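**Q** Make a model of the complete structure from these sequences and hints.
Chains as they are written, first to last, in the working numbering: chain A, 1391 to 1647; chain B, 891 to 1317.
Hints are supplied without guarantee of correctness; some may be wrong.
Below, simulated PhoX-like cross-link-like pairs (lysine-lysine); rule was C-alpha separation at most 20 Å, straight line [claimed, not checked]:
no.	chain 1	residue 1	chain 2	residue 2
1	A	Lys1587	B	Lys1085
2	B	Lys1063	A	Lys1587
3	B	Lys981	B	Lys1065
4	A	Lys1624	B	Lys938
5	A	Lys1514	A	Lys1501
6	B	Lys923	B	Lys1296
7	B	Lys975	B	Lys1219
8	B	Lys1209	B	Lys1183
9	B	Lys1216	B	Lys1085
10	B	Lys1085	B	Lys1026
11	A	Lys1412	B	Lys1065
12	B	Lys1183	A	Lys1587
13	B	Lys938	A	Lys1412
14	A	Lys1412	B	Lys1022
15	B	Lys1065	B	Lys1216
16	B	Lys1133	B	Lys982
17	B	Lys1059	A	Lys1568
18	A	Lys1587	B	Lys1065
19	A	Lys1636	A	Lys1514
20	B	Lys1085	B	Lys982
21	A	Lys1501	B	Lys923
Ranges of calculated distance between the beta carbons of each label pair, as one might list FRET restraints [what the hints assert, rightly or not]:
no.	chain 1	residue 1	chain 2	residue 2	range
22	A	Phe1515	B	Tyr1090	39 to 47 Å
23	A	Thr1538	B	Tyr1090	53 to 61 Å
24	B	Glu1067	A	Ala1554	28 to 36 Å
25	B	Lys1026	A	Tyr1534	24 to 32 Å
No wet-lab data here; the hints were simulated from the structure. On a predicted model such as this, the values are computed, not experimentally measured, just so you know. Even glycine gets a Cβ: it sits at the ideal position worked out from N, Cα and C.
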Amino acid sequence: MKIGIHGLTSCYGCQLSMAIVKRILDITDKFDIKYFYMLSSASKIEHVDVAFVEGSVSTDNDEEELRKIRENADILVAIGSCAIHGGVQGMLSNDKISYDDAFRAVYGDRKIEYNGRIARPLDKFVKVDYHLPGCPPEEDEIMYYLATFAIGSWPEERDYPVCAECIRAGNPCILIEKGEPCLGPVTVAGCDARCIKYGIPCIGCRGPVPKGAAWFDSLARVFREKGIDKEQVKERMAIFASQYEKLDEMIDKVYEG
Amino acid sequence: MKITREIQIDHLARIEGKAGIEVEIGEEGANAKLNVTEGPRFFEIITKGKNYDEAAAIFPRICSFCCTPHKLTPIEAIEYALDVKPSEQTKKLRELLYIGSIIESHALHLYLLVVPDYLGYPDAFAVARKEKDLVKDGVFLKDVGAEIQTVLGSRSIHPENAIVGGFGKLPSKEKMERIARMAREGLQKAMSIVKFFAEYEYPSYVNSERRHLSIKPYGGYGVYGNEIVSSDGNSFGIEEYRKNLYEDVASYSFAKRGKFLGEPYMVGAISRVFNNSRLITGKARELMDNYRKFIAPQNCFANNFAQALELVYFLERVKEIISELKDMKDEGLAEPGRMSGEGYAVTEAPRGLLIYYLNIENGIIKNADVITPTGMFLPMMEVDVAAMAEGLWEDGHRDKDFIGGKVEMVARSYDPCISCSVHVTRL
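**A** Here it is in structure tokens:
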């Protein structure tokens, strides 16, 4: 099976995660890696079965490259919060400051030859077949996606929140007991509630639960009961998912019921 | 008639981020440009208006290779601003966590990104087919660094357990002992990679005088301090960084570029080792004394050797810190003494000085400024890239691929981190 691993504008953490998957050596003989520029100078965009793409589209070059990757891939997987929701750099649009103003604030009147833009997720430009969430994705998930593709199957995306894993892990609830703005109820599971295990409230790095499947009617309402206001939850969710189209809808659902 | 030859590498492989190199060789010598084409991400703007805890979780997303420095340095700046006084135990744990990131970053860079150049392969996969043990050593050392960050930080990429005031949860004794064992096991491997790099002479084309900037570490050789020193004897406190470290914009790069006293300068492992060599102890000291000529401040290739030497030093330091942390106790978090203030911090990230300035009002970030090592050394790297191309050209080399390959090695010796350099500075 031929695969490509690509990075647009990002921190390169998803690619790094893919590079350091411990059990990767057990299955590498199943894959022919055609493109992994972070690790190999022998990389070329050519036809592959699956292309994994990290990062947001933040320059004209990013868009051009993404289209080329799409044309050459049977399956395209968006990996990580930047590729799926625009990532932290996607917040720029949320901060009520235009790209030009941001550019001027940083570079002054100087000109730069390349065109930068407000960061956008991949599906604004091309068809995305699967999403592999995380900031960065977990090793188990990477293995699961690779393994399902390798046997000719496909991965099933999680549609339940961090709370589901957190309760199973037996952690005390930070939201209920400490009233801290833990985003567990609205964030997609897969991390095994790592931060809560460390006593740290979820910041939503994996992005919102898809398919409208957050726990609106139970835990999410605790936000309201604890006096954590709508704006605060929205601002916090927007850190990693500012460009999620259903963000407002989700928040309304939490606060309306 | 002016004859100009161009060597262009659109996308430099085996580095973190997206950049290209353009070299023009003309009658008046060579000129090099490192084109940073990775898009800007405006971290100082997106953290504005966030509370300080959230900002401390956002900054690490600047770069996955340096996520721990981009967590611990803003935490230092926040604590400076808000008068938070972390305990001695917290400071030691943070140092250990930070060292974990240096070990992982150096191991990844040296074994997976640099060694293929020295052995003439396109990547570490190809190296692994011939020299399996060498790559395995690298992966093991990378794992030591990753394990330290996982145990102390909750995971190796974007660790969340280090927070303002301390740690969410303390590591268990068993896990700390496991890290110490891994560090012990890694030491021999790290010593071999020092010897590996000592087998290669540095290309003399890139020899030139330059200043090296590093922190003056608190106590022994390390990553924390509050004063920046230059190899020519200059020094300044972190609060004075803006007056001293000038940043410029070039039309071909989204990364800002540093100057000190009007000239390009170098930061990173070689700068640390050169400026603080008297503080290096243990096995690293012995190796350094044996291979003294490789600590060559005039040559950027010395950076690879210095990174290898640091691997040895920091692996020994890991064991020391763990033995000092035998009796950890749950102290809770240190609390802020005020909710507004300005904070400065400088640390030694794997690639060199990392500076954070934060202005906080009522717990909310008002202004941020981040200067990364790659932004600092880009102009110096261009000087070296041009010198390499020119030297090869004058010696009669005409094969663009050959010159291109050598020029890439110069860039890679700096271990550039392009994501860091385009986080984009100052409001």
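**Q** Compare the structure with each hint and give your call.
**A** Tested hints:
1. Simply put, Lys1587/A and Lys1085/B have alpha-carbon atoms about 42 Å apart, too far for the 20 Å limit, and the pair is violated.
2. For the given pair, Lys1063/B sits about 17 Å from Lys1587/A by alpha-carbon distance, which is consistent with the 20 Å threshold.
3. As the CA atoms of Lys981/B and Lys1065/B are separated by approximately 19 Å, the hinted pair is consistent with the 20 Å bound.
4. Our distance criterion of 20 Å between C-alpha atoms is met by Lys1624/A and Lys938/B, whose separation comes to about 16 Å.
5. The hinted pair formed by Lys1514/A and Lys1501/A fails the criterion: a straight-line CA distance of about 27 Å is larger than 20 Å.
6. With a C-alpha separation of about 15 Å, the suggested pairing of Lys923/B with Lys1296/B holds against the 20 Å cut-off.
7. A threshold of 20 Å between alpha carbons decides the hint, and for Lys975/B with Lys1219/B the separation of about 17 Å falls inside it, so the pair holds.
8. Using a Cα cut-off of 20 Å, the hinted pair Lys1209/B and Lys1183/B is violated, with the two alpha carbons roughly 28 Å apart.
9. Straight-line distance between C-alpha atoms of Lys1216/B and Lys1085/B comes to about 33 Å, which puts the hinted pair past the 20 Å bound.
10. A C-alpha spacing of about 17 Å is found between Lys1085/B and Lys1026/B, which places the hinted pair at or below 20 Å, so the restraint holds.
11. At roughly 19 Å between alpha-carbon atoms, Lys1412/A and Lys1065/B fall within 20 Å of each other, so this suggested pair holds.
12. Between the alpha carbons of Lys1183/B and Lys1587/A the distance comes to roughly 49 Å, so the proposed pair goes past 20 Å and is violated.
13. With a C-alpha separation of about 37 Å, the suggested pair Lys938/B and Lys1412/A falls outside the 20 Å cut-off, and the hint is violated.
14. Between Lys1412/A and Lys1022/B the alpha-carbon distance is near 16 Å, which keeps this suggested pair within the 20 Å criterion.
15. The hinted pair formed by Lys1065/B and Lys1216/B meets the criterion: a straight-line CA distance of about 12 Å does not exceed 20 Å.
16. Distance check on the hinted pair: Lys1133/B and Lys982/B sit about 31 Å apart at the alpha-carbon level, beyond 20 Å; violated.
17. The hinted pair formed by Lys1059/B and Lys1568/A meets the criterion: a straight-line CA distance of about 16 Å does not exceed 20 Å.
18. A hinted pair counts as satisfied when its Cα atoms are at most 20 Å apart, and Lys1587/A with Lys1065/B qualifies at roughly 16 Å.
19. Only pairs whose Cα atoms come within 20 Å are accepted, and Lys1636/A paired with Lys1514/A is accepted, the gap being roughly 14 Å.
20. Distance hint between Lys1085/B and Lys982/B is unfulfilled; the C-alpha atoms sit about 30 Å from each other, more than 20 Å.
21. Restraint check: the Cα-Cα separation between Lys1501/A and Lys923/B comes to about 16 Å, which is no more than 20 Å; the hinted pair holds.
22. The supplied range of 39 to 47 Å is met by Phe1515/A and Tyr1090/B, whose beta-carbon atoms lie about 45 Å from each other.
23. Range check, Thr1538/A to Tyr1090/B: Cβ separation about 44 Å, and the 53 to 61 Å hint is violated.
24. Checked against the hint of 28 to 36 Å, the C-beta distance between Glu1067/B and Ala1554/A comes to roughly 33 Å, which is consistent with it.
25. Checked against the hint of 24 to 32 Å, the pair Lys1026/B and Tyr1534/A passes, with Cβ atoms roughly 26 Å apart.
Hint violations for this structure: numbers 1, 5, 8, 9, 12, 13, 16, 20, 23, all remaining hints satisfied.
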